[in-house]
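A.B. asks: For reference, the chains in residue letters:
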Amino acid sequence: MSDTFGGTFVGMPAFPEAARAAVGDATLRANLRHATHTIRDKRARAVAELDDWAELRQAGKEIKDRTLRHLADHLLRLEEAVTAAGGTVHWAADAAEANRIVTGLVRATGETEVVKVKSMATQEIGLNEHLAAEGIAAYETDLAELIVQLGEDRPSHILVPAIHRNRGEIRDIFREKMGSWGRPAPEGLSDTPADLAEAARLHLREKFLRAKVGISGANFMVAETGTLVVVESEGNGRMCLTLPETLISVVGVEKVVPTWRDLEVFLQTLPRSSTAERMNPYTSMWTGTSDDDGPSDFHLVLLDNGRTDALADEVGRQALRCIRCSACLNVCPVYERAGGHAYGSVYPGPIGAILTPQLRGTVSEVDASLPYASSLCGACYEVCPVAIDIPKVLVHLRERVAAEGGRGHRLERAAIKASSWVLDHPTALAAGERIASATRALHPKRLPGPGARQWSEHRNLPELPAEPFRDWWKRNRR
Amino acid sequence: MTTDSRARVLARIRAAVAGAPEAPDVTRGYRTSHATEDPDALLDLLHENLADYRAHVHRSGPDGLPELIAVLLAERGVRSVVVPPGLPEEWLAATGAERRSDAPRLTPYELDGIDAVVTGCAVAIAETGTIVLDGGPGQGRRALTLVPDLHVCVVGAPEQVVASVPQALPRLDPARPLTWISGPSATSDIELDRVEGVHGPRTLEVILVTPRPAGG
Ligand code: SF4
Numbered sequence: 001m002s003d004t005f006g007g008t009f010v011g012m013p014a015f016p017e018a019a020r021a022a023v024g025d026a027t028l029r030a031n032l033r034h035a036t037h038t039i040r041d042k043r044a045r046a047v048a049e050l051d052d053w054a055e056l057r058q059a060g061k062e063i064k065d066r067t068l069r070h071l072a073d074h075l076l077r078l079e080e081a082v083t084a085a086g087g088t089v090h091w092a093a094d095a096a097e098a099n100r101i102v103t104g105l106v107r108a109t110g111e112t113e114v115v116k117v118k119s120m121a122t123q124e125i126g127l128n129e130h131l132a133a134e135g136i137a138a139y140e141t142d143l144a145e146l147i148v149q150l151g152e153d154r155p156s157h158i159l160v161p162a163i164h165r166n167r168g169e170i171r172d173i174f175r176e177k178m179g180s181w182g183r184p185a186p187e188g189l190s191d192t193p194a195d196l197a198e199a200a201r202l203h204l205r206e207k208f209l210r211a212k213v214g215i216s217g218a219n220f221m222v223a224e225t226g227t228l229v230v231v232e233s234e235g236n237g238r239m240c241l242t243l244p245e246t247l248i249s250v251v252g253v254e255k256v257v258p259t260w261r262d263l264e265v266f267l268q269t270l271p272r273s274s275t276a277e278r279m280n281p282y283t284s285m286w287t288g289t290s291d292d293d294g295p296s297d298f299h300l301v302l303l304d305n306g307r308t309d310a311l312a313d314e315v316g317r318q319a320l321r322c323i324r325c326s327a328c329l330n331v332c333p334v335y336e337r338a339g340g341h342a343y344g345s346v347y348p349g350p351i352g353a354i355l356t357p358q359l360r361g362t363v364s365e366v367d368a369s370l371p372y373a374s375s376l377c378g379a380c381y382e383v384c385p386v387a388i389d390i391p392k393v394l395v396h397l398r399e400r401v402a403a404e405g406g407r408g409h410r411l412e413r414a415a416i417k418a419s420s421w422v423l424d425h426p427t428a429l430a431a432g433e434r435i436a437s438a439t440r441a442l443h444p445k446r447l448p449g450p451g452a453r454q455w456s457e458h459r460n461l462p463e464l465p466a467e468p469f470r471d472w473w474k475r476n477r478r
Numbered sequence: 479m480t481t482d483s484r485a486r487v488l489a490r491i492r493a494a495v496a497g498a499p500e501a502p503d504v505t506r507g508y509r510t511s512h513a514t515e516d517p518d519a520l521l522d523l524l525h526e527n528l529a530d531y532r533a534h535v536h537r538s539g540p541d542g543l544p545e546l547i548a549v550l551l552a553e554r555g556v557r558s559v560v561v562p563p564g565l566p567e568e569w570l571a572a573t574g575a576e577r578r579s580d581a582p583r584l585t586p587y588e589l590d591g592i593d594a595v596v597t598g599c600a601v602a603i604a605e606t607g608t609i610v611l612d613g614g615p616g617q618g619r620r621a622l623t624l625v626p627d628l629h630v631c632v633v634g635a636p637e638q639v640v641a642s643v644p645q646a647l648p649r650l651d652p653a654r655p656l657t658w659i660s661g662p663s664a665t666s667d668i669e670l671d672r673v674e675g676v677h678g679p680r681t682l683e684v685i686l687v688t689p690r691p692a693g694g
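Protein chains in written order, with this note's numbering: chain A, 1 to 478; chain B, 479 to 694.
Watch out, some of these pointers could steer you wrong.
Label pairs and their calculated CB-CB ranges [as the list claims (entries may be wrong)]:
1. B:E567 - A:P186: 34 to 42 Å
2. A:E55 - B:E568: 43 to 51 Å
3. B:R672 - A:R175: 42 to 50 Å
4. A:R261 - B:P615: 43 to 51 Å
5. A:A44 - B:G614: 37 to 45 Å
6. A:A403 - B:A529: 51 to 59 Å
7. A:V363 - B:A489: 22 to 30 Å
8. A:D292 - B:R509: 33 to 41 Å
9. B:P615 - A:S296: 16 to 24 Å
Hints listed in this document are in silico derivations from the structure and should not be mistaken for laboratory results. For glycine and all other residues, C-beta sits at the position ideal for the given N, C-alpha and C.
In isolation and in its complexed conformation, chain A is listed as follows (with noise of 0.2 Å):
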C-alpha cells in the first residue's frame, strides 16, 4: 500500500473511472459476485435465527446514539478506567498525529518490528507506510491482510480485504513474495485454500512468537470497566494481543460503548451480520495490564482524524454507529460491479460512501463523487445492524457537494459521472429497483445534488415504481 497517504489513494480517480475499470475486469468481478452472494445468503439464515432481530437493531441503534450525544462524558471515563487498570490513554487530533504517537512508543520499545492484527483505523491513517518510512516493519497477521500485503494490493473489503483475489492468484503471491519477507512458502504449494492456510501459519508462526510489540484496533471500548474487545475468526488477534510485552491499541473515538451490558447487543450482532456465524471463533478482552498474563505495557490511542466533523453534522453523524460489520457492502449492487477500490479509501461500499466524504471532506473529486456512487436502492439500510440511513445520508451529502460545488464546477461533474456509472449499469441499478419497492419511503421526492439539481429543478422525482429511475435518467440526462 505504497501509494496510501493519510488514507488517502493518491492519484485515485474518482469513483466512475475507478469503477468502469473493474468493470472490466472479468475475474474481478467474478470473485466479488461469489464472495458477496455466499455470504449474504448465510448471513440472512443467521439472522433469521433470532426473532428478536428487529429489537437488537434497535437496542445498537440507541446505545450508540445515545452514546455520541454523551461521547466527551463516556471517553474521560474510558481513560480514567484503563489508566486505573495499568494503561496509558493517549488522544491524537489526526492520523499525523496518531502515527507520531505509535512511532514514538514503539521507538522507546527498541524495537524495529511489529505484528499487527487488522484494524480499520491503522489503515485509515497510512500506519504501516508511516512506520516503514520510519525504519520499523509492520507484519500484518490476518490471513487476508497477508495476502493484501504480499501482493503489494490494497484492502477491497472491509471484513475480507482480499476479496477480489482467487485461489490461484493467492497461491502465486505466496509462492512469489512469502521469501521476501520471512518465512517461505512451502515446496509445490496447492491452491486449496486448507494448505494456503497453513502456509501463512508456517510464515506467520515465527513472527509472533519473537514479537514484542503488537499493534491492533478495536471492536469495542467499554467506558464504565475500560475493557477493549477485539472480535476475530483466525487466533492471529489473540496472538498479537498476547504474546508482546507491549500492545499499542489505536481506537477511533466512536468505538466506545458505555457499559458491559451494552455488549450483549453487540456480541449478538457483529458476528450475525458480518461473518455469518451464531458467534466468531475468538472475541478477546482486556482491561489495561494484567500482572501474569499478556502484555506489561499497554497504550490505547484515541483517534478523531474526522470523526468530530461527522459528529458535528446531525443527519450524518450516524456514521459514527457503524460497527463496521461490512453487511452494506455484500448487499450493495453498487459495490458489487465496482468493487472495493473504486471508492478510494480504505471504508468501500455503501458505508465508505458515507463515511470518507465525512472524514475527510469532499474537496477532492474522488471524495465529492462518493455519495453519488449508489442508486438509492436501501438495502444496505435494511441490512444494517445498526440501522444507519445510509440513503438519507447520502441524500444529503450530495446536497453538501452541490453547495460546495456549483454550476459547472469540477466537484460537479466528478459527480455527474458517477451518478451516470450508476445508472450506466442497468443491472446494477435493476437489482437496486427489486429492493426499492420494500423502501420506497426513503426514496426522495426529487433527486438532489449537482447535475440533477438542475434537471429536477422543475419536476418531481416519478414515484417508483411507475416510471424506471433509470429511463427517466436515460431521458432527461444532457
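Dock chain B with the ligand against chain A, hints included.
C.D. replies: Chain B with the ligand only, in chain A's frame:
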C-alpha cells in the same frame, strides 16, 4: 502535545453535539435468551452448536473424566501437555503425557514445542456454542490455550452452562483477561471457504461433564 490534543478533541466533541437533541433512553426490548430453561435441553443445544462449528464434543461423568482425557490425548499422539495452575490433579491422572508446568513462565517458543493444553472454563454459552476462559483456576494465562495445537476444555454442567450472551456477561469479571472461544480457529478469507485451524489451536476437544453418567 497529547495533552493539547486531549483538550482539543474533547472541545471539538462538545461543540459538535452542543445543539443536538437529547438521545432517547435505550429500549432493551430484545430477549435475554432464545433457548429453553431446561438444563438437559440446554446442554444438548451447547453440544450441537459446539459441534456445528467443528469442535469435537464428548460427554462424561466425573469418574470417567481422567480416562477420557487420556484417550483424547493419546488419539492425537500427544507427548506433552501444559498444566495450568489450579487444574484438578485427578484430571491428568490417567495420561502418560509429560506434564509441563507454567511456573516459571514458559516462553512462547517453549509453548510452541508443547503438544496440548487441558483446561477448565469460566462459563459456556449454549445458544452460540461458546466457551469463555477467564484465567481462573485450571485455565492459566491466555498464551497457554493459544500456542499449543490441541486444546482440551472441560465444561462442568449444569453449573457452568448458560443459555445466552446476555446471561453470560454478568457472570464474567471484566477486570480479568477474557477469551471467548467458539470452535477452533478458522478463516474464510479465501473465496469465503471456511478453513479450520489457522493460528490458534487447530483442534478443540470439549468435554461436557455431568454429575451423572451421560446417557448418550
Ligand atoms: S454501515 Fe451498518 S451494515 Fe455497513 S458496515 Fe457499518 S454497521 Fe455494517
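A.B. asks: State for each hint whether it applies.
C.D. replies: Hint by hint, here is what the structure shows:
A hinted range of 34 to 42 Å for the beta carbons of E567 of chain B and P186 of chain A is consistent with their spacing of about 41 Å. In this structure, E55 of chain A and E568 of chain B meet the distance hint of 43 to 51 Å, their C-beta atoms being roughly 46 Å apart. Here the CB-CB span from R672 of chain B to R175 of chain A is close to 23 Å, at odds with the stated 42 to 50 Å. Checking the proposed 43 to 51 Å range against R261 of chain A and P615 of chain B shows it is violated: the Cβ atoms sit about 26 Å from each other.
Distance hint for A44 of chain A and G614 of chain B: a CB-CB separation of about 38 Å, consistent with the stated range 37 to 45 Å. For the hinted restraint 51 to 59 Å between A403 of chain A and A529 of chain B, the CB-CB distance of approximately 57 Å keeps it satisfied. At about 24 Å, the CB distance of V363 of chain A to A489 of chain B agrees with the hint of 22 to 30 Å. Taken as a hint, the range 33 to 41 Å holds for the pair D292 of chain A and R509 of chain B, whose Cβ atoms sit roughly 37 Å apart.
Evaluation of the 16 to 24 Å hint for P615 of chain B and S296 of chain A yields a pass: the beta carbon distance comes to about 23 Å.
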